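Visitor: Protein chains in written order, with UniProt numbering: chain A, 1 to 408; chain B, 1 to 408; chain C, 1 to 408; chain D, 1 to 408.
It is possible that some hints are incorrect.
[Stated by the list, open to error] So these bits of chain D aren't anywhere near chain C, every CB distance computed over 12 Å: (1) PRO26; (2) ASP30; (3) SER67; (4) ASP360; (5) ARG394.
[Said to hold, decoys possible] In silico DMTMM-like cross-links for lysine to aspartate or glutamate, where the CA-CA straight-line distance does not exceed 20 Å: (6) C:LYS396 to B:GLU267; (7) A:LYS285 to B:ASP135; (8) C:LYS285 to D:ASP380; (9) B:LYS285 to A:ASP380; (10) A:LYS285 to B:GLU267; (11) B:LYS285 to A:ASP346; (12) A:LYS396 to B:GLU23.
These are computed hints drawn from the structure, not numbers from a lab.
All values reported here derive from a predicted model rather than from experimental measurement.
Where is the CB? At the ideal position from N, CA and C, for every residue including glycine.
4 protein chains.
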Amino acid sequence: MDFALSPVAADYHRRISAFIADEIDPIEVDYHRQLRALDNPWQVLPIIEELKAKAKSAGLWNLFLPSVLSNTDYAPLAELMGRSFIAPEIFNCNAPDTGNAEVLVHFGSEQQQREWLTPLLAGEIRSAFGMTEPDVASSDATNMESTVVLDGDEVVVNGRKWFSTGIGHPNCKFIIFMGLTDPDAHRHQRHSMVIVPVDAPGVKIERMLPVFGFHDEPYGHGDVSFTDVRVPAENVIAGVGRGFEIAQGRLGPGRIHHCMRLIGLAEKALELACTRAMSRSAFGKPIANLGGNRERIAKARIAIEQSRLLVLHAAWLLDTHGIAGAISQVSQIKAAVPAMALEIVDMAIQLHGGAGLTDDFPLAGAYTAARSLRLADGPDEVHLGVVARIELARYKTAATTTANGAHT
Amino acid sequence: MDFALSPVAADYHRRISAFIADEIDPIEVDYHRQLRALDNPWQVLPIIEELKAKAKSAGLWNLFLPSVLSNTDYAPLAELMGRSFIAPEIFNCNAPDTGNAEVLVHFGSEQQQREWLTPLLAGEIRSAFGMTEPDVASSDATNMESTVVLDGDEVVVNGRKWFSTGIGHPNCKFIIFMGLTDPDAHRHQRHSMVIVPVDAPGVKIERMLPVFGFHDEPYGHGDVSFTDVRVPAENVIAGVGRGFEIAQGRLGPGRIHHCMRLIGLAEKALELACTRAMSRSAFGKPIANLGGNRERIAKARIAIEQSRLLVLHAAWLLDTHGIAGAISQVSQIKAAVPAMALEIVDMAIQLHGGAGLTDDFPLAGAYTAARSLRLADGPDEVHLGVVARIELARYKTAATTTANGAHT
Amino acid sequence: MDFALSPVAADYHRRISAFIADEIDPIEVDYHRQLRALDNPWQVLPIIEELKAKAKSAGLWNLFLPSVLSNTDYAPLAELMGRSFIAPEIFNCNAPDTGNAEVLVHFGSEQQQREWLTPLLAGEIRSAFGMTEPDVASSDATNMESTVVLDGDEVVVNGRKWFSTGIGHPNCKFIIFMGLTDPDAHRHQRHSMVIVPVDAPGVKIERMLPVFGFHDEPYGHGDVSFTDVRVPAENVIAGVGRGFEIAQGRLGPGRIHHCMRLIGLAEKALELACTRAMSRSAFGKPIANLGGNRERIAKARIAIEQSRLLVLHAAWLLDTHGIAGAISQVSQIKAAVPAMALEIVDMAIQLHGGAGLTDDFPLAGAYTAARSLRLADGPDEVHLGVVARIELARYKTAATTTANGAHT
Amino acid sequence: MDFALSPVAADYHRRISAFIADEIDPIEVDYHRQLRALDNPWQVLPIIEELKAKAKSAGLWNLFLPSVLSNTDYAPLAELMGRSFIAPEIFNCNAPDTGNAEVLVHFGSEQQQREWLTPLLAGEIRSAFGMTEPDVASSDATNMESTVVLDGDEVVVNGRKWFSTGIGHPNCKFIIFMGLTDPDAHRHQRHSMVIVPVDAPGVKIERMLPVFGFHDEPYGHGDVSFTDVRVPAENVIAGVGRGFEIAQGRLGPGRIHHCMRLIGLAEKALELACTRAMSRSAFGKPIANLGGNRERIAKARIAIEQSRLLVLHAAWLLDTHGIAGAISQVSQIKAAVPAMALEIVDMAIQLHGGAGLTDDFPLAGAYTAARSLRLADGPDEVHLGVVARIELARYKTAATTTANGAHT
């Protein structure tokens, strides 16, 4: 057992830390202020492209790619990026582009890779992912109502998707859309994924969704309708009926990334909390020394450490045993880490008083981001259900030998 | 012991319920949609004035006034109003106008009452309250840095106040400002309260504060600077040095109202949660029947019942024993009820999936409102400190007989 | 709404308080020490009979009887008794005798009342209740395997019951046994209750159950087998098939009593916690002022107040609306109050350090008593299920109009 | 980063697992039943000595010694042993003998090692540790009132110690006693540790303490008085004034062991919970599928995984960075793991219904053991204080630059 970073991970860790400290931290507050002051905040400020260029030339680019780093090695870097709202894009490691890129790496045709993957990995375009639907409980994939129907050498796409994150970005050029192709096929072969250009006729962003009052410009979360959208059949990824299979493979690393970024977010919130707690005083003491604040800070430290180790272990399992050997662990982190981050961010807000609610600190935004992740990529409850199912599977035999074996 | 509403409370309860059901519920969603669609949402839509007129002519107006109803009788009405974001204004029962009106009823000079109280009670103007300051931990009132200095027949007001709720409203005409008058006086006689017209020279709204991304138009929360603002000395309420005394009296009923409105909010959230849980299905069952959802719903019901009883009991104590006999109880409700409401609203959000995060439902707004109340009017921790101090006071004698008696 | 005790309740409250302070508190620690020192602790020490005689002659006797006091008036007295492990017996108000007496008052024949009820109310004999069975999940009454079979003018009783509380007491003379009479009858008419003398042939106490290492002498919790026990048919209460009906009526007041006693227990634990927290010092301060202790004390106070109000309200509902109008509320208190008491007792244990684990303080015993009540009379989960079912019933119509209406 | 067991750890893990499965599991229930049936349970049943001999000859003996295995390698073995109440003794790895042995290995004189360490490591004798005192808050070591006074070539030992675990064992031959030698010395050089034979004149076991009704025979927790006990000065360990230093070194590995054993206990409880949940049915379903049970099982799995990783990481830090590099982490595990174990054991009890409270299952005993560890070796609150102190230390500079810098 060895908890030390590998030499390659340690080297990237040092360099990413330095880049964030030197290039991103000094400008991030100003960046957000500038963006908010714009009449139209749905744009890319020049500083972003400058920093992307710097990161790229420093070799701190696309590190999420499995061909570059293992999950175990990448995870601590995702944590660092999660401390900032803009770092993931600057290192070209932001969701959902990372997941989309992975899909195209593994399943994309040569043409798909040339047309969409290459510019995505170059940071020239961005992308979205169309999975969740407003009218059904999307936690159960069999509820999906959107359709992808083959019609000659075209496919016809219909349906409504929301929480299509990133679709508000001016560089967002395509969305990977998942829909029902054959309702009569095996449960895992009914769906297809297809690349839909966002400017295809019939694609309409009905509105950008507020999340706790935030629109997360310039990325945003779209409520998008698709009406008889026709795209070439070669836009289908890996062939019709393979949507479910692709979705599954996409989720393991994606959840590792989300969770590690949340750990970075929680660390940032704890830092802000401690800084505030030591620098403001009330009743003759620094706030840190009032009431249960020290206990809350200690518990936050413990919770972060436990969460980080849980995610790193899941990443290591994914690397060494594959997704099949890490299903429970990936659901464990997804159920545990957003809740942990929320509690710490909330504690930090409370220590900041009213200021914590405003945009003077990144805390309300952090809370919102973490809260969304208790729902995105499957709500907590679904992941707990997966963990319980796997846990109880070991006991099935015992149960079926009883008279009351007729359980679900 | 009798838990039934008094006849007068029961009658008002029935009528307010009916008014909300008949007049407010049918238009509230549209109202918010209309307001959000405006370029300038800092305005009063005609429907609001229409409904205010109806409520007034129905005698459902200013019911918060102690001369109209006791706290015990008013509390269940505040609960009803808390189910809606606009009902409090429609019944002329919204904070901070209610607290300001009470201050002027009890402490206002005849002239102050004529000039400010009468139009306030008529619903013609609105008001704000200036207490919290951005640069110090305002939970400790002795930290207050703003000043109210007597200069001949004027007072000079300087300082910065934020979270001045309601100051964005076009009808907001005055702010009750609290500041330091005599730093050398007894701890409870240093501060004064003064009525400052919002259009007085030197008053500047620096910005309207976002709270989790919301601006709560058209009320809003102002960050306001006061620079050498001169107002007539007769604007001082009840004489210099009485600010602390006035503030104390203001807080008992105010906290009852806040907490009862939060209970209404929690009931509304639970209703939405149950409706959703029974009307959406996943994995072949209504969501209500999945995982721990029924337990969460049951616990929400229990938490609401406990909270309501706690607040009603505090209101009854306030009525029967005065504020001095209800200090612990008023802090108990302030520490307990916002946290309860948050948990239930959060549960409702989770049951709504992504929709719960958006403005398709009033849940994200409800969360934000409840979250603010873990800080406004004293953070939880300060109230818990009050409850503990009173609890432990009974044990002081025992402790001082030990060798280690030198405790705070 | 009026939260004051009625004059009659206030008078009893004062007198019971005084009796406990004057007669019970001074001897309770010694009593337990003496009992533990005996080779056979399954006996009644003379002090108990002396105190019973005093209580009886003071008119503080059988106050639980509905003919004496309403639930609302009795509840605060049950709280007082719950502060002591022996007070309930001294006032002849201890479970399960109270419940058994109520059953005999309402459903007993004249002969049953003469033979069993009269000496029970006189405090001359004690009784037990046989409901829970070791081999099935007894939270579901339909699992019950014991039988009560009519055979001429006798009934034959077979089965195994455990957690028959009080059966170890030397004066315990009968057990009310519930068993299956007619498996084919309507679900609510299958069971019968029958009075079984504990010395009837075929009744065997297999063992007295330890609960967390305690045996609760001289009451105890029996694991009892019943093998072809024959008793006269007139021992059946209210006729065969009425067991379920009787059980239902028994539970409302019983749960009120249990919960109020737990509130007394929690108050006692909080007193001990505060006393300890103020009288011991570490790191130069009384323990009360360390870490989050004051917050924990404040939260304990709030939790007790909320729980007491919840139970009193349930008692009032029971009095004014009957059991049918209080089903949810009775389940609410049963799910909420034991958990509350456990948390406070646990906090008190922690503040006592190692001493809290021993029998130098009544805390470990209190914890065990409260823990048992998360299971006895229905586990928390069953009660939460009842509360959820009633809550969601209001929403059923909405759900059945959807396509997914086929829910349980 | 590598989460796999080292080859040597993996080998021991396999062998200890097999030994427990083959030799201990089959006899443990009977062992406890036999012991409880004895008039005097303070004895060693022959089966224990047989199993010890087998374990010794299999080389599964004294594996806790740092000269045998690193903390990282030993930790997973401690987890296995923690699943059973008797396994630790059988592998000669039970507390407090392990800690006492480590003290003697590091600090014992040649004579001390010959006389006390050799038979201890041979499993021929057992030992106790005298630290906690009944009359003071022992969480603050400066409160210690016991004395160890040099008098010629003897030391005189006076004081009272309780929770001297293991002193009831018939083979317990010595206690390591910590007392005050020089109240005027530096805070860390006031205390001495001395070996006191339990049969020395003046040593008196006043009573064996019940812990939640359990006496943990044949080990037990003693309340022991020391009255003018005279032992040779060479019994002082490492010289007078070094007690604090020795105590510190003892605690790192000891807390790792305690926590890993608790993780084993929690795993065992979860296994029992799942077994019960799948094999009992109510309301037509296995209990596992009722209410929130699956969520609770999933959360238990997550909590165990997080805790195990936290302890393993602390063990690895201890091995690679020494105690100075692991102070926060060791306090983190001590604050987090007992609470985690309690929650899981409590959940398992609840799933077992009344049976969970009895000795039909090892759950009530497990609860008691875990509860004790929220107090033993420092209460949670002290450990949280350590974690907070280290966390906030990084922020001190910022705070002292403010006007309010005078904090503790």
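Visitor: For the pair supplied as a hint, LYS285 of chain A and ASP135 of chain B, confirm whether the alpha-carbon distance does not exceed 20 Å.
Guide: Holds, at about 16 Å.
Visitor: Would the non-interface assignment of ARG394 of chain D survive a Cβ cutoff of 12 Å against chain C?
Guide: ARG394 of chain D is indeed farther than 12 Å from all Cβ atoms of chain C, at 20 Å.
Visitor: Please check whether the beta-carbon of ASP30 of chain D is more than 12 Å away from every beta-carbon in chain C.
Guide: Answer for ASP30 of chain D: holds, closest chain C Cβ roughly 16 Å.
Visitor: Can you confirm whether the C-alpha distance between LYS285 of chain B and ASP380 of chain A stays at or below 20 Å?
Guide: With a Cα-Cα distance of about 18 Å, the restraint between LYS285 of chain B and ASP380 of chain A holds, given a limit of 20 Å.
Visitor: Are LYS285 of chain C and ASP380 of chain D close enough, with their CA atoms no more than 20 Å apart?
Guide: The hint holds at about 18 Å.
Visitor: Should the label of PRO26 of chain D as a non-interface residue stand, given a Cβ cut-off of 12 Å to chain C?
Guide: holds (23 Å)
Visitor: If we take the beta carbon of ASP360 of chain D, is the closest beta carbon in chain C still more than 12 Å away?
Guide: Check fails; 8 Å does not lie beyond 12 Å.
Visitor: Do the alpha carbons of LYS285 of chain B and ASP346 of chain A lie within 20 Å of each other, as the hint requires?
Guide: With a Cα-Cα distance of about 33 Å, the restraint between LYS285 of chain B and ASP346 of chain A is violated, given a limit of 20 Å.
Visitor: Has the given pair, LYS285 of chain A with GLU267 of chain B, been kept, meaning a C-alpha gap of at most 20 Å?
Guide: violated (39 Å)
Visitor: Grab the minimum beta-carbon distance between SER67 of chain D and chain C and tell me whether it stays above 12 Å.
Guide: holds (33 Å)
Visitor: For the pair supplied as a hint, LYS396 of chain A and GLU23 of chain B, is the alpha-carbon distance within the 20 Å limit?
Guide: violated (56 Å)
Visitor: Given the proposed pairing of LYS396 of chain C with GLU267 of chain B, does the C-alpha separation stay at or below 20 Å?
Guide: Satisfied, since the Cα-Cα distance of roughly 18 Å is no more than 20 Å.
Violated hints, listed in ascending order, are 4, 10, 11 and 12; each of the other numbered hints is respected by the structure.
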